[in-house]
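Here is how the chains run, residue by residue.
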Amino acid sequence: MALAFDEYGRPFIIIKEQEQKTRLRGIDAQKANISAGKSVARILRTSLGPKGMDKMLQSPDGEVTITNDGATILEQMDVDNQIAKLMVELSRSQDYEIGDGTTGVVVMAGALLEQAERLLERGIHPIRVAEGYEMASRIAVEHLERIANKFEFSSTNVEPLVQTCMTTLSSKIVNRCKRSLAEIAVNAVLAVADLDRKDVNLELIKVEGKVGGKLEDTELIKGIIVDKDMSHPQMPKHIEDAKIAILTCPFEPPKPKTKHKVDIDTVEKFQNLRGQEQKYFDDMVQKCKDVGATLVICQWGFDDEANHLLMHRNLPAVRWVGGVELELIAIATGGRIVPRFQELTPEKLGKAGLVREKSFGTTKDRMIYIEHCANSRAVTIFIRGGNKMMIEETKRSIHDALCVARNLIRNNSIVYGGGAAEISCSLAVEAAADRHPGVEQYAIRAFAEALDSIPMALAENSGLQPIETLSAVKSQQIKENNTCCGIDCNDVGTNDMREQNVFETLIGKQQQILLATQVVKMILKIDDVISPSEY
Amino acid sequence: MTAMMQPQIILLKEGTDTSQGKAQLVSNINACMAVADVVRTTLGPRGMDKLIHDEKGNTTISNDGATIMKLLDIVHPAAKILVDIAKSQDSEVGDGTTTVVLLAGEFLKEAKPFIEDGVHPQNLIRSFRTAAYLAIEMVKELAQSIEGKSLEEKKSLLAKCAATTLSSKLIGGEKEFFASMVVDAVLAIGTDDRLNMIGIKKVPGGNMRDSFLVNGVAFKKTFSYAGFEQQPKKFVMPKILLLNIELELKSEKENAEIRLSDPSQYQSIVDAEWNIIYDKLDKCVKSGAKIVLSRLAIGDLGTQYFADRDIFCAGRVAEEDLQRVAAATGGTVQTSVNNVIDEVLGSCELFEERQVGNERFNIFSGCPSGQTATIVLRGGADQFIEEAERSLHDAIMIVRRALKNSTVVAGGGAIDMEISRYLRQHARTIAGKSQLFINSYAKALEVIPRQLCDNAGFDATDVLNKLRQKHALQSGEGKPYGVDINTGGIADNYANFVWEPAVVKINAINAATEAACLVLSVDETVKNPKSESAQGDAAAGAMGGRGRGGAAFRGRGGRGMRRR
Numbered sequence: 074m075a076l077a078f079d080e081y082g083r084p085f086i087i088i089k090e091q092e093q094k095t096r097l098r099g100i101d102a103q104k105a106n107i108s109a110g111k112s113v114a115r116i117l118r119t120s121l122g123p124k125g126m127d128k129m130l131q132s133p134d135g136e137v138t139i140t141n142d143g144a145t146i147l148e149q150m151d152v153d154n155q156i157a158k159l160m161v162e163l164s165r166s167q168d169y170e171i172g173d174g175t176t177g178v179v180v181m182a183g184a185l186l187e188q189a190e191r192l193l194e195r196g197i198h199p200i201r202v203a204e205g206y207e208m209a210s211r212i213a214v215e216h217l218e219r220i221a222n223k224f225e226f227s228s229t230n231v232e233p234l235v236q237t238c239m240t241t242l243s244s245k246i247v248n249r250c251k252r253s254l255a256e257i258a259v260n261a262v263l264a265v266a267d268l269d270r271k272d273v274n275l276e277l278i279k280v281e282g283k284v285g286g287k288l289e290d291t292e293l294i295k296g297i298i299v300d301k302d303m304s305h306p307q308m309p310k311h312i313e314d315a316k317i318a319i320l321t322c323p324f325e326p327p328k329p330k331t332k333h334k335v336d337i338d339t340v341e342k343f344q345n346l347r348g349q350e351q352k353y354f355d356d357m358v359q360k361c362k363d364v365g366a367t368l369v370i371c372q373w374g375f376d377d378e379a380n381h382l383l384m385h386r387n388l389p390a391v392r393w394v395g396g397v398e399l400e401l402i403a404i405a406t407g408g409r410i411v412p413r414f415q416e417l418t419p420e421k422l423g424k425a426g427l428v429r430e431k432s433f434g435t436t437k438d439r440m441i442y443i444e445h446c447a448n449s450r451a452v453t454i455f456i457r458g459g460n461k462m463m464i465e466e467t468k469r470s471i472h473d474a475l476c477v478a479r480n481l482i483r484n485n486s487i488v489y490g491g492g493a494a495e496i497s498c499s500l501a502v503e504a505a506a507d508r509h510p511g512v513e514q515y516a517i518r519a520f521a522e523a524l525d526s527i528p529m530a531l532a533e534n535s536g537l538q539p540i541e542t543l544s545a546v547k548s549q550q551i552k553e554n555n556t557c558c559g560i561d562c563n564d565v566g567t568n569d570m571r572e573q574n575v576f577e578t579l580i581g582k583q584q585q586i587l588l589a590t591q592v593v594k595m596i597l598k599i600d601d602v603i604s605p606s607e608y
Numbered sequence: 006m007t008a009m010m011q012p013q014i015i016l017l018k019e020g021t022d023t024s025q026g027k028a029q030l031v032s033n034i035n036a037c038m039a040v041a042d043v044v045r046t047t048l049g050p051r052g053m054d055k056l057i058h059d060e061k062g063n064t065t066i067s068n069d070g071a072t073i074m075k076l077l078d079i080v081h082p083a084a085k086i087l088v089d090i091a092k093s094q095d096s097e098v099g100d101g102t103t104t105v106v107l108l109a110g111e112f113l114k115e116a117k118p119f120i121e122d123g124v125h126p127q128n129l130i131r132s133f134r135t136a137a138y139l140a141i142e143m144v145k146e147l148a149q150s151i152e153g154k155s156l157e158e159k160k161s162l163l164a165k166c167a168a169t170t171l172s173s174k175l176i177g178g179e180k181e182f183f184a185s186m187v188v189d190a191v192l193a194i195g196t197d198d199r200l201n202m203i204g205i206k207k208v209p210g211g212n213m214r215d216s217f218l219v220n221g222v223a224f225k226k227t228f229s230y231a232g233f234e235q236q237p238k239k240f241v242m243p244k245i246l247l248l249n250i251e252l253e254l255k256s257e258k259e260n261a262e263i264r265l266s267d268p269s270q271y272q273s274i275v276d277a278e279w280n281i282i283y284d285k286l287d288k289c290v291k292s293g294a295k296i297v298l299s300r301l302a303i304g305d306l307g308t309q310y311f312a313d314r315d316i317f318c319a320g321r322v323a324e325e326d327l328q329r330v331a332a333a334t335g336g337t338v339q340t341s342v343n344n345v346i347d348e349v350l351g352s353c354e355l356f357e358e359r360q361v362g363n364e365r366f367n368i369f370s371g372c373p374s375g376q377t378a379t380i381v382l383r384g385g386a387d388q389f390i391e392e393a394e395r396s397l398h399d400a401i402m403i404v405r406r407a408l409k410n411s412t413v414v415a416g417g418g419a420i421d422m423e424i425s426r427y428l429r430q431h432a433r434t435i436a437g438k439s440q441l442f443i444n445s446y447a448k449a450l451e452v453i454p455r456q457l458c459d460n461a462g463f464d465a466t467d468v469l470n471k472l473r474q475k476h477a478l479q480s481g482e483g484k485p486y487g488v489d490i491n492t493g494g495i496a497d498n499y500a501n502f503v504w505e506p507a508v509v510k511i512n513a514i515n516a517a518t519e520a521a522c523l524v525l526s527v528d529e530t531v532k533n534p535k536s537e538s539a540q541g542d543a544a545a546g547a548m549g550g551r552g553r554g555g556a557a558f559r560g561r562g563g564r565g566m567r568r569r
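Those sequence lines, one after another, are chains A and B. Each residue of the first sequence is one higher than the last, beginning at 74 in this note's numbering. Each residue of the second sequence is one higher than the last, beginning at 6 in this note's numbering.
Mixed in with the good hints there might be a few duds.
[What the hints assert, rightly or not] EDC-like cross-link-like pairs, simulated, lysine to aspartate or glutamate; straight-line CA separation at most 20 Å:
no. : chain 1 : residue 1 : chain 2 : residue 2
1   : B       : Lys226    : A       : Asp272
2   : A       : Lys330    : B       : Asp267
3   : B       : Lys239    : A       : Glu276
4   : B       : Lys61     : A       : Asp153
5   : A       : Lys295    : B       : Glu234
6   : A       : Lys328    : B       : Glu253
7   : A       : Lys328    : B       : Asp267
8   : A       : Lys360    : A       : Asp377
9   : A       : Lys421    : A       : Asp314
10  : A       : Lys158    : B       : Glu391
11  : B       : Lys75     : A       : Asp314
12  : B       : Lys238    : B       : Glu142
13  : A       : Lys104    : A       : Glu232
14  : B       : Lys288    : B       : Glu278
15  : A       : Lys94     : B       : Glu60
16  : B       : Lys255    : B       : Glu278
17  : A       : Lys332    : B       : Asp276
18  : A       : Lys421    : B       : Asp313
19  : B       : Lys238    : A       : Glu276
20  : A       : Lys158    : B       : Asp59
21  : A       : Lys330    : B       : Asp276
22  : B       : Lys285    : A       : Glu416
23  : B       : Lys239    : A       : Asp269
24  : A       : Lys334    : B       : Glu278
25  : B       : Lys27     : B       : Glu391
These aren't lab readings, by the way, just hints derived from the structure by calculation.
I would like the entire structure built from these sequences, with the hints used as guidance.
Encoded structure:
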């Protein structure tokens, strides 16, 4: 902190606990910030693309996560540096908004910072650099718009959607059955999508996982899975054309919420009370029976006596079903949630074609499937896999795929993946740079170079010669005037991403560029870091 | 008889720090200059940001003078004055907080050599006040009114003012976009002093351009119970009922207790309770409302009841959001569901639940009274949105100010140069010391264009000389010339639409002069030692205490020496 001196040349304190604060300013602050940002990007660089590697992260309580998803890696790394935290948030916001491309955005920001450092060393004002980047990002986004292709799909022709989801999944650990997973994701999204409003509520898609089985056993269920079993082991395990009563009241005598006390002073009264209690149970079960319910799903618990009665009357029941699941069941089966027995009517019952309890392998785990529902606006993706980590990673991958499908429904434009879009943008930005008078020209050119870093990292991760490959593809793009040329990561033999069916969403790509630019601008604009010394 | 022989008379408590005289005045000035130096680099479109990290681990990245000053946690008594003027500028006009600190620092810097030369501070103060008065008159004279223009014209003029403010901020790259958004928002709420009718909602994710203005109210989906998803999520011309009661099955009276002697009465009590809540819900439905909002909870029972009847409900809506909905839709918040008449129901053209980033938002648009606006801000990182919010706040304040006192002056240092020239000219007509002081005041005003150049990396001396030449032209055509931040030269900033409301400048000059005069008029500082309890608190406190103890000793010594 700047020190002031009093009449005797003795420094005095202006800011509270001045000695304990550290301050970095000017070019030092920028250098330090840039190197922090770069080091975060370097960690993620190797997980980019189909041949990208995974990271293993151990949390303080010993839980292990293995993932390839940029947002998850950064979240779990628990970074302390402020600038690194900005990068984490950058990745997170890409995750929130688009759901995919979380690694790419950080790699992009890192490359921009790296280029900025060089420009700063040449004495260019950081804000000029930031402004140049901003201009360049606008050029790039417009260029993307130009090279984007519209994608026609309908509820019958989902092939384009599946192809795009496959591109996302190909960089994940689950890529060996990416085809089937992509299909599952697309079907799930289409089931819940409101195509007119272009709105997809992902909360209606439940993703459930269970250890055991193969990844190939993962399936989409047009209905709901509840991780519960029937309240009584002897109840029927298979109900066809079920009529479901969805209750939010326990199978217990009702209690007034107000404090109350029942005075019992005679034996008769006691017996009376007891009789009444039993009658309650009887009535409850009878009411369910009367309206024609063949299955009861309840948010709360059952009294043992009620359970016995249910069994006795041949009315299968499931208890302790969570509120969210209950809601999904209600949506899927078209039933209404009923708050007390008096209000049960036949119209309020949900309908499902098949309800079955399924046990898995040799374990005692059972789950209840509610399938063939009247209204399949709520669906479940049920993931199987060898171990918990695998399932968690599959969940994340499916989430990415779901987001991609959702984005395509919102905006059906796509660009070509495999670095093709970046290379094309880089060329466009490079060409635009020369037309720009002023110092920004350098920044724009640097931006073009930073764009190259994505295909470069892709090539590197795929074990190709990065510089050679990139220059070959670049020249091919210009020579053939074909914006679909990208890095051939899978060694298929062609650089044309159209043939390889590698697509990414336009909004995802645009978002990546804009977000990265935005955060880089923020970092470049800081020239003064004041912090308590322990950091 | 020397002073040293006399026994010391202790007037003040042990450990009290006193210092006085010229020397302490100089040290106060030094302290203020040091503080002004901190914010110096944030001025102007090429100004940089500060990252401030506090003990709790919160990080703020800001360009806003007032925010930085607040977070610096300044303890020096004289320097605190600068914090206060930054705050007052913030609450009075909302913008120009960096300017005011910088000006105050510069006035003091100019005053310092005079003080050292033995000029009485009061002389300086008087001259500074005169100069400030003249400067403000000048601003008023130069200000151009935007009154009497058509709405469209006014809008674009206001947007220019907002854009000038925003250009120095992080969101400067999209200043036109945000400026027009801010102008629309301010115009929407009308002329009333109801700033809280502009809501700013922050949603991480997306880029700046995804931010949007809702001509009405938007708020995040509240906590919901099972059954919520079964409610319809879109209404055209719905009626809206606003409540401030709980719609939940609960005990009506906390302390009541029901005693039953006959178990058969049990059911009736249970039924009675259910009837109370059903009665309430039924009244809501009967009112004809399609949307029910409550500040308090709407329980799962209520949620399902409404879902059954195709009504949308949301409980635990934040107070301010509910107030905004009430203002926007023309409804009133009810504290009872009895006698709900049509007049108390609000209405809007369209209600929709929409996905914004990772959140779902309830959006009421096309409201009849139209006196509310909500800006939904998007951005890559939390700090980014925080800073964007502060910037928008500044812009909103500026637009409101410009709307009220609709006069503007050219920014970019143009007005400062013109005042400076005028004061210099005026100084020549004064005989006596005051001439010097007003001249130095005029010089201090040049700090604004000088700092703008410095921050942008231009040659300040060169640019300033060019500006002086322009402003000295007899014809007066050079008056609107200021720094051209893009080329490093000078330009007619009025024609380039770099505008600031005159009131910002007036307030800044006033506040800065006041603060400078205040610091100059202090001739003794008495700092009481920390109270006993506070001393034991922290190790840091003990250290500071020791430092002050030493200072106190020397302070007394100083007095003795001077007397000799």
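Structure-based check of all given hints:
1. Straight-line distance between C-alpha atoms of Lys226(B) and Asp272(A) comes to about 16 Å, which keeps the hinted pair within the 20 Å bound.
2. Taking the CA atoms of Lys330(A) and Asp267(B), the gap is near 18 Å; set against the 20 Å cutoff, the hint holds.
3. Restraint check for Lys239(B) and Glu276(A): satisfied, since their Cα atoms lie roughly 17 Å apart, inside the 20 Å limit.
4. The hinted pair formed by Lys61(B) and Asp153(A) meets the criterion: a straight-line CA distance of about 13 Å does not exceed 20 Å.
5. Under the criterion of a C-alpha separation no larger than 20 Å, the hint pairing Lys295(A) with Glu234(B) is consistent with the structure, at around 18 Å.
6. For the hint linking Lys328(A) to Glu253(B), the alpha-carbon distance of about 15 Å falls within 20 Å, and the restraint holds.
7. Restraint check for Lys328(A) and Asp267(B): the C-alpha separation of about 15 Å stays at or below 20 Å, so the hint holds.
8. Proposed proximity of Lys360(A) and Asp377(A) is supported: the alpha carbons are some 18 Å apart, at most 20 Å.
9. Only pairs whose Cα atoms come within 20 Å are accepted, and Lys421(A) paired with Asp314(A) is accepted, the gap being roughly 15 Å.
10. Distance hint between Lys158(A) and Glu391(B) is fulfilled; the C-alpha atoms sit about 15 Å from each other, no more than 20 Å.
11. The straight-line distance between the Cα atoms of Lys75(B) and Asp314(A) is roughly 67 Å, outside the 20 Å bound, and the hint therefore fails.
12. As the CA atoms of Lys238(B) and Glu142(B) are separated by approximately 57 Å, the hinted pair breaks the 20 Å bound.
13. Restraint check for Lys104(A) and Glu232(A): the C-alpha separation of about 48 Å exceeds 20 Å, so the hint is violated.
14. For the given pair, Lys288(B) sits about 16 Å from Glu278(B) by alpha-carbon distance, which is consistent with the 20 Å threshold.
15. Distance hint between Lys94(A) and Glu60(B) is fulfilled; the C-alpha atoms sit about 10 Å from each other, no more than 20 Å.
16. Among the hinted pairs, Lys255(B) with Glu278(B) is consistent with the structure: their alpha-carbon atoms are about 8 Å apart, no more than 20 Å.
17. A threshold of 20 Å between alpha carbons decides the hint, and for Lys332(A) with Asp276(B) the separation of about 15 Å falls inside it, so the pair holds.
18. About 9 Å separates the Cα atoms of Lys421(A) and Asp313(B), which keeps this hinted pair within 20 Å; it holds.
19. Simply put, Lys238(B) and Glu276(A) have alpha-carbon atoms about 14 Å apart, close enough for the 20 Å limit, and the pair holds.
20. Taken as a hint, the Lys158(A) and Asp59(B) pair is honoured in the structure, with Cα atoms around 15 Å apart against an allowance of 20 Å.
21. For the proposed pair Lys330(A) and Asp276(B), the alpha carbon gap of about 11 Å is at most 20 Å, so the pair holds.
22. This hinted pair checks out: Lys285(B) and Glu416(A) have alpha carbons roughly 17 Å apart, not beyond 20 Å.
23. Taking the CA atoms of Lys239(B) and Asp269(A), the gap is about 13 Å. The hint holds against a cut of 20 Å.
24. The hinted pair formed by Lys334(A) and Glu278(B) meets the criterion: a straight-line CA distance of about 16 Å does not exceed 20 Å.
25. In summary, the hint linking Lys27(B) to Glu391(B) is not supported, as the alpha carbons are separated by about 43 Å, beyond the 20 Å threshold.
Violated hints for the displayed structure, listed by number in ascending order: 11, 12, 13 and 25.
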